[in-house]
Structure formats: C-alpha cells, structure tokens
Amino acid sequence: MAQALQARIDAAFVEPACGVNRSKSDTQRRKGCAKALTPGAAAGGCAFDGAKIALQPIVDAAHLIHGALACEGNSWDNRSSASSGPTLYRTSFTTDLSELDIVMGHGEKKLFRAIREVIDRYSPPAVFVYSTCVPALVGDDIEAVCKAAAEKFGTPVIPVNAPGFVGSKNLGNKLAGQALLDHVIGTIEPERTTTTDINIVGDYNLSGELWQVKPLFDRLGIRILGSITGDARYRQVAMAHRARVTMLVCSKALVSLARQLEERYDIPWFEGSFYGISDTSQALRTLCRMLVERGASADLLPRCEALIAAEEARVRAALEPLRPRVAGRRVLLYTGGHKSWSVVSALQELGMEVVGTSMRKSTESDKDRVKTIMGDDSHMFENMAPKEMYQVLKSAGADVLMSGGRSQFVALKAKTPWVDVNQEKHKPYAGYAGMVKLVSAIDRAINNPMWAEIRDPAPWESRAAPGQVPSGRAASGDATDFEDC
Amino acid sequence: MARIFHPRSALSTNPLKQSAPLGAALAYLGIEGSIPLFHGSQGCTAFALVSLVRHFKEAIPLQTTAMNEVSTILGGAEQIEEAIENLRKKSAPKFIGIASTALTETRGEDVAGELRAMRARRRDFDDTAIVYAATPDFSGGLEEGWARAVAAIIDALVPDRGMEHVGSRSHQVTLLAGSHLTPADVEEIVSLIRAFGLEPVVLPDISTSLDGHLGDTWSGTSLGGTRLADISRLGRSRHTLVIGESLRPAAEMLERRTAVPSSVFPSLTGLKCTDAFIETLMAIAAVRDVPERVKRDRSRLVDASLDAHFSIGGLRVAIGADPDLLFSLSGALTSLGADIVAAVATAATNPVLDRVPAEEVAVADLGELEARAAAAEAEILITHSHGRQAAARLGLPLVRAGFPIFDRLGTQDVCRVGYRGTRAFFTEIANAVLARDHRPHPSDFGAAPIEQEFEHARSQTASH
Ligand code: SF4
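Residue numbers (UniProt numbering), protein chains in the order written: chain A, 1 to 485; chain B, 1 to 464.
In short, the hints are calculated from the structure, not lab data. For every residue, glycine included, the Cβ atom is placed at its ideal position computed from N, Cα and C. There may be inaccurate statements among the hints.
[Said to hold, decoys possible] To spell it out: a stretch of chain A is covered by chain B in this simulated footprint if at least three of its residues, at any positions, have a beta carbon under 8 Å from a beta carbon of chain B; those stretches are:
id: 1; stretch: 84-96
id: 2; stretch: 225-235
id: 3; stretch: 448-456
When you get a sec, could you build the whole thing from the sequences and use the hints?
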C-alpha cells in the first residue's frame with residue numbers, strides 16, 4: 001500500500017471531534033470505527049462504496065471508477081440521491097480493467113485515456129477518479145495520473161484513494177471527505193457571499209430529503225452555499241470555505257471534514273438532525289443562533305422562532321388525524337442512525353409504543369437521551385440477529401418494524417409490517433413534512449388489510465369436516481354468499 | 001357498500017361500454033362449431049367483428065341477417081331464415097347463436113315465436129342448434145349480452161330432467177364462466193378443478209376456441225368451445241360453479257331445471273376469494289387435503305403480496321369496467337390496501353356493484369372516469385384500450401383490462417384468477433407503479449431552485 005495512503009488512513013482513525021472515537025483506547029482506535037471484520041460474517045460495504053456514496057451526489061461531475069468491473073458494475077445506479085438539474089452523476093464510468101490490462105500494467109495508461117474520453121465527451125466541471133482494490137494492489141499511482149490529466153486537459157481531476165480492502169464504508173466516507181479538503185474545497189471563490197451562507201455536510205439528498213428542509217431555509221433567507229454533497233454542483237463544494245456555519249447532518253463519518261473546515265477556514269460547526277419534529281426545530285434554532293453570532297442580522301432569531309412555532313403547529317395538526325390509526329401500536333426501531341431518539345419521541349407523542357430501539361453507532365449522550373425518553377434502558381439494544389428479530393416479530397412482540405433494507409425480509413417472512421427508514425429508502429422523511437410522510441407510511445403499513453388475510457389459515461389448514469358444501473352459497477340461496485368474493 | 005351514481009348527462013363522452021350483442025357473440029363463440037349471427041343491419045356486425053378481430057387477433061366467424069330498409073319495416077323472419085340457410089350451406093355450423101340488436105328490438109319483432117314456427121317448418125335445419133337471445137344494444141353492455149346468451153343456451157339446450165340425474169356423472173361439475181374471464185382465466189380455473197379429480201364442463205368455453213391456437217384446417221365456425229352433447233348433460237353434474245354475479249339469473253334457471261346445486265363466486269381474484277373457491281372444491285370432492293401444486297401456488301401468492309403491497313398499499317386507483325370485472329379487480333387491489341378513488345361501471349343491472357369497495361360507483365363513460373381520476377388524483381388507470389388517451393392526458397400508467405384490448409398482443413393469455421393469476425395481477429400492478437420512475441424535484445417540496453452561479457458553465461449532455 002502506498003505510504004501516502006497509509007498515512008491518510010491512520011490520520012482518518014484519529015478524530016478528536018468524535019465522541020465515540022475519543023473514548024476509545026489506541027488499539028481500539030486503530031481497528032477503525034467499525035468492528036473488525038469477521039470472515040464469513042461480514043455484511044457491510046467497502047471503503048470504495050463509502051467514498052462513492054459520499055461523493056457521487058455531486059451531480060454535475062463525472063465519477064470514474066478505476067478497477068475491474070465488479071466494483072462499479074455491481075453497484076451503479078442503486079442509490080436515490082436526487083438532482084435538481086444535471087444527471088451526469090448517474091452515468092456510470094469505469095475503466096473495466098481486463099486481465100491483460102492488469103498483467104501488462106496498462107492500468108494507468110487506460111485510466112488516463114478514460115479521463116480524456118470522459119472530458120471530451122461530457123465536458124464536466126470535474127472528474128472524480130476512484131481507486132479500487134486491484135489497481136491499489138498492483139500499485140497504479142492514480143494521484144499522479146489525475147495530476148497529469150488535470151494539467152493536460154484543464155479540468156480538475158480528483159483522486160479518491162479509498163480502495164475497498166482498506167476498510168469499511170465508514171472509512172471510505174472519511175477518505176472521501178479528505179479528498180474534498182485536499183483537492184476541491186477552497187479552489188473557487190464565490191461571486192458574492194451573504195451573512196447567512198451555510199454548509200450542509202453529510203446529507204445526500206436521498207429521495208429529495210434535502211428539499212424537504214430547504215423551504216425552511218428559503219423562508220429564513222438562509223443560503224446553502226456548500227453542499228456536501230446532496231444535490232451539489234461541483235462549484236458549490238469548491239466554494240464551501242466561504243460559508244459562515246457548517247451543519248453536520250447525522251454523520252459521524254464526516255466529522256473530520258467539519259472539524260477541518262473550522263481549523264482551516266474558521267467556520268464553526270454543529271451536529272444536528274432533520275429526523276423528527278424536535279430535532280428539526282433544534283437544528284434550525286442552533287443554525288440561526290450561530291449565524292447571528294457570526295454577524296447575521298439579529299432579527300433572524302425571532303423569525304426562526306416564529307417559523308418553528310408555525311411549522312410545529314402545522315405538523316401537529318397534520319398528524320392529528322393519523323393518531324387514532326397508529327396509537328397503541330408497538331414499534332421496533334432498528335436503524336444504523338444514532339439519532340433515533342428524536343423519531344422515538346415523535347412516535348410516542350402520537351401514542352405509539354416503541355418496544356425497542358437499536359443504539360448502534362450511538363454516543364453515551366444519545367443513550368442517555370433515549371433512557372430519559374423511554375424510562376429505562378431495557379428497550380435499547382446493540383445488534384439483533386435476524387433469527388432473534390424474527391422471533392420477536394413472529395411472537396407479535398411488535399406491530400411494525402422500522403429498519404433498513406437488510407431486515408426487510410425478516411419482517412416480511414414473519415408476516416409483520418415493515419417501514420423502510422434506511423439510506424436506500426425511496427421515500428423522503430426529513431423535516432416537519434417528512435414526519436407526516438413517515439407516520440402515513442407507518443399507517444399504510446400497519447393498517448393494510450393484507451396482514452389479516454395472509455395470517456389466516458389456508459382452507460386446508462382449518463378443521464371443517466369434508467364432504468359438506470359450505471352452506472348458504474347456492475345460487476338460489478340468500479344474497480350474502482361470498483360477500484366479498 | 002358503494003353508492004351507485006348516474007350522471008345526468010345527455011352526452012356520453014368516450015364510451016366505456018361495449019354493446020350487448022357483442023357480448024352475446026363472444027359467449028356464442030365459446031360453443032363448438034358455432035357461428036354468432038346478429039339480427040340487425042350489417043354495419044353493427046361489421047363494427048363488432050372488427051373489435052373482436054382486433055382484440056383476439058383471429059379470424060372471427062360473425063354473421064349478420066343484413067336487415068335493410070324494407071325488411072326492417074316488413075319484419076325480419078325471412079332474413080333470419082335465409083341467413084341460416086346460407087350459413088349452413090357455407091360452413092355447416094353445429095350451432096348458430098342469434099343476438100338481436102337495437103334496430104330489430106326497436107321494431108319489436110317476436111323473433112322467438114318466428115323461430116319456433118320456422119323450425120317446425122324447416123325440419124332440414126334440425127341438425128343445427130339454434131339459440132336466440134334478446135340483446136338490444138340499448139340495454140346493458142357486453143356483460144349483460146353474454147349473460148343473456150348463456151341463459152338462452154341453457155334454456156334452449158338443457159333438457160328438463162328430474163332430481164335422479166343429479167351427480168349421475170360423479171366427477172362432473174359445471175362451470176358457468178362469466179364474461180370477465182379471459183381464455184387463460186378459464187384454463188386456470190379448469191386446471192384447479194381438475195386438480196381435485198373433478199371434470200368440468202365449461203359453459204361457454206372460450207379457452208378452447210379463442211385461446212389463439214392455429215387449427216389444422218380452415219374453418220368457418222368457432223375453432224373449439226363447449227360441446228353440444230356436454231351441454232345437454234349438464235343435469236348430471238354434481239355441482240354448478242358460477243363465476244360472476246352477472247350469471248346468477250342463468251345459474252338459477254339451470255338450477256331450477258336440473259336441480260343441480262350451484263355456488264356463485266362473484267370473484268376469483270384475490271387470496272380470500274380463491275380460498276373460498278378451493279374450500280368449495282374440497283367439499284365437492286370430499287377431500288381434506290389439496291394437491292401440492294395448489295399449496296405452493298398459495299404460498300407464492302402470499303409472498304408476492306408481501307412484495308407488492310409496498311407499491312399497492314395506499315395506491316389511488318381509477319378503474320372502469322363491466323361490473324364483474326370491476327368488482328374482481330377492485331376487491332383484489334383493496335385487499336392489498338389500495339384505494340379505489342374512481343370507479344366507473346358500464347351498467348347498473350348487476351347487483352355486485354353495491355359491493356364494489358369504493359365510496360361511489362358511477363354508471364358512465366370513460367369521460368367520467370377521466371374526470372374522476374383527475375379530481376381524485378388517481379395514480380393508476382385500469383380499463384380497456386380506449387382508456388389510453390385519458391391515461392396519456394392524465395400522465396398515468398394504464399393497465400389494460402376488459403374488452404377491447406387492441407393495442408397489445410396476448411390478451412387471451414392474461415390470467416388474473418386463482419392463486420397464480422392473482423399473483424400475476426399484483427405483480428403487474430406493482431410493476432406499473434414502479435415503472436413510473438418518479439424522480440423527486442425541488443418543486444415537489446416547495447423548495448426554491450438552485451442559484452445559477454453554482455451551475456457548471458459548459459453545456460452538458462448525459463447519456464443514459
Ligand atoms: S472491496 Fe475492492 S474489489 Fe470489492 S468492490 Fe470494494 S473496491 Fe471493489
């Protein structure tokens with residue numbers, strides 16, 4: 001492994017701004033943020049996956065994957081990051097290395113040619129070049145190739161050196177953030193700046209979630225200058241150093257990016273979430289307060305409070321009709337997100353009972369919060385094996401599972417309603433509007449008449465005596481025969 | 001319980017309904033060696049013929065008594081006789097099914113009486129079964145025409161017999177098939193019945209005549225269908241299974257005549273509906289268990305329902321169809337959580353309309369369906385091919401169901417009944433939903449567009 005890459009990885013493992021990281025011992029820390037991978041029992045994506053997830057939402061850039069086909073061929077077009085304009089990010093580019101390329105050491109040349117073709121054909125504002133395992137192993141120097149190509153073609157070509165085998169998705173996120181700091185942020189100056197320019201870091205605009213929140217910013221006159229990277233234009237990322245405040249959205253992975261934006265460019269940052277009503281309000285409040293501290297007009301604060309009051313009243317009114325449809329139902333929440341407590345409190349407010357919530361990737365303060373909301377910690381768990389989850393659901397320990405795609409089929413095989421709340425989901429649930437959508441989704445899931453039907457026994461499983469044609473069904477009989485069929 | 005609504009419009013905009021004689025012709029085509037004969041002027045027949053040919057992609061033997069100005073006024077008995085004479089000469093049909101039209105019914109001919117007189121006179125016609133159904137275009141639609149034709153066939157060809165014959169063919173059951181069933185539907189029901197060791201006589205059986213097979217020789221009559229001998233033996237069945245509420249009057253007539261008990265199944269689409277049918281088959285066959293294939297198909301349906309309910313749950317559906325089809329498809333979709341936000345039926349005669357799971361069913365046309373779909377913000381349209389313009393205007397996916405379907409192939413192969421057909425139907429609807437490829441946009445959420453300054457200056461084209 002190239003020394004430069006090793007150094008960058010080592011650096012990525014030390015994150016003073018991360019609470020989880022700080023509490024670890026040195027050896028723990030070196031293992032990385034994710035647990036050490038167990039052969040035969042690993043399920044997560046690789047570092048390359050993580051890097052691409054973090055950068056691909058830059059919608060006008062070309063994303064070129066240098067490697068054998070599997071890395072890109074098996075993974076492209078599988079995320080729902082939305083764009084308000086350019087669609088180049090959805091076009092998949094890869095060098096598709098052949099055996100000959102690898103054996104003959106043609107990888108670098110092929111990459112250079114591929115960069116030229118992409119620029120010739122699409123004239124993108126920038127090309128992101130991702131390394132993967134094979135070229136990293138044979139020692140392709142993608143940084144040198146990118147540098148040469150950038151000089152030759154006059155277009156930024158950014159090396160993203162996060163080959164899969166160096167670690168988890170989470171590490172890939174970090175390395176992607178580092179690539180932006182090293183090569184993109186600060187390279188373009190905005191034509192104008194305002195006192196309410198902000199950075200949003202760690203939101204990928206999945207299914208348009210950023211736009212669920214953006215109208216709130218619009219109304220407060222807050223401008224998203226740097227977006228990293230939901231619905232981002234390359235220029236926006238390059239101008240991120242001129243924002244006044246950075247909001248880090250639900251992301252431990254990009255903490256170091258936020259911290260370094262502060263160190264290098266004096267942009268203060270805070271961590272917030274747009275899931276749940278109280279979190280959304282809290283995020284808006286903090287954002288406005290910090291903007292005012294940095295020189296925005298002080299009337300932003302009362303305007304923010306007025307907006308929060310109006311929006312909260314509106315969302316509560318919109319949720320009210322749903323209350324009788326969900327009240328008393330029991331939810332099992334299984335997410336990777338560490339901020340589930342805000343959703344928990346919103347569901348509880350509607351009379352739902354949260355029978356369990358996963359606390360993976362949560363900090364101690366998150367855990368304390370959940371404890372306060374739920375009374376004790378008996379409902380918190382770290383990981384739940386599929387088998388165990390199946391048992392819980394099958395024995396009707398919960399009426400609905402809210403989780404990511406992996407446990408979808410555990411729920412379905414247990415004939416239990418399931419609501420997708422993961423990154424790959426196709427419905428946006430952010431902000432106040434998103435909460436109404438989420439509760440409607442829960443309503444639709446648990447109140448679907450299908451559940452009763454499919455839980456009923458098949459005709460051959462019931463114990464009616466044979467030989468008797470069910471009565472009351474003759475043509476001349478009463479009109480109620482097969483009422484619904 | 002749906003409220004039935006009759007719009008007070010004098011104008012029908014984009015008709016949903018197909019004519020009753022066409023329905024009768026379809027039913028007649030399910031009889032072996034048959035030629036349907038429209039008693040009316042030639043144009044009605046030509047239009048119906050074109051519809052049938054475009055739907056089935058087959059040569060269809062449909063004839064007309066070719067009433068003209070003079071015969072219309074003087075009475076059409078001679079025209080009928082001449083038509084029968086000619087058809088016999090040309091194609092030697094075993095069966096001629098006559099359907100009256102608006103023209104002859106308006107004049108008020110006593111076709112039945114005249115036919116009786118003619119048959120007494122023309123003994124040379126004896127080897128052709130002749131059935132007549134009154135199917136004026138102004139009363140009911142395709143479904144009603146079909147039901148009347150089935151009743152007419154029973155009336156003319158099933159002899160009055162005593163109780164002692166019931167079940168004398170111990171494995172035989174009668175299947176009265178409604179107009180909403182495709183050839184593939186009928187085939188699926190037949191194979192379910194056979195799986196229980198029972199042998200069905202299907203009336204009418206379009207699964208062997210309009211299934212789109214290539215015969216060995218040219219034939220001027222239907223290429224298959226219910227055998228006349230089997231029709232005369234319907235009284236020996238153990239049980240009559242009736243698919244479609246519209247056939248209840250025909251079923252009651254058959255039950256009165258033969259004393260064979262019958263069960264009506266308004267729908268065979270959906271888990272519970274199929275369960276009810278299977279339960280009845282188990283009882284008729286006197287078995288406690290069912291064949292492995294049936295069990296596997298049921299568990300596949302349950303699995304497919306789980307996968308499809310994400311797309312169908314909460315789906316806002318607009319549907320226009322004949323009552324039996326409307327009821328079957330609506331019922332299945334609501335069992336997966338869909339909302340029938342716009343329902344339009346062709347006619348109000350079928351009492352099943354009351355049970356359509358919608359707040360209101362309008363007895364109207366495609367124009368009404370389009371207006372209601374727009375007002376109720378429907379997300380999908382289900383109707384026959386004439387709905388394509390409405391679907392395009394509304395920007396909605398169209399799932400084709402009913403008659404006619406002229407802009408797609410393989411309509412006869414579409415099966416939406418039983419565990420298997422229901423599974424296919426759910427998948428079809430879910431795929432139509434998934435195919436919409438709705439990309440979210442800032443304006444969906446009321447968000448302002450991004451500033452021009454951020455956009456990359458050079459023009460950009462992305463290939464997909
Ligand atoms: S682990 Fe390596 S080879 Fe596999 S997908 Fe990730 S980058 Fe590609």
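Hint by hint, which ones does this structure get wrong, listed from lowest number up? The structure breaks none of the hints.
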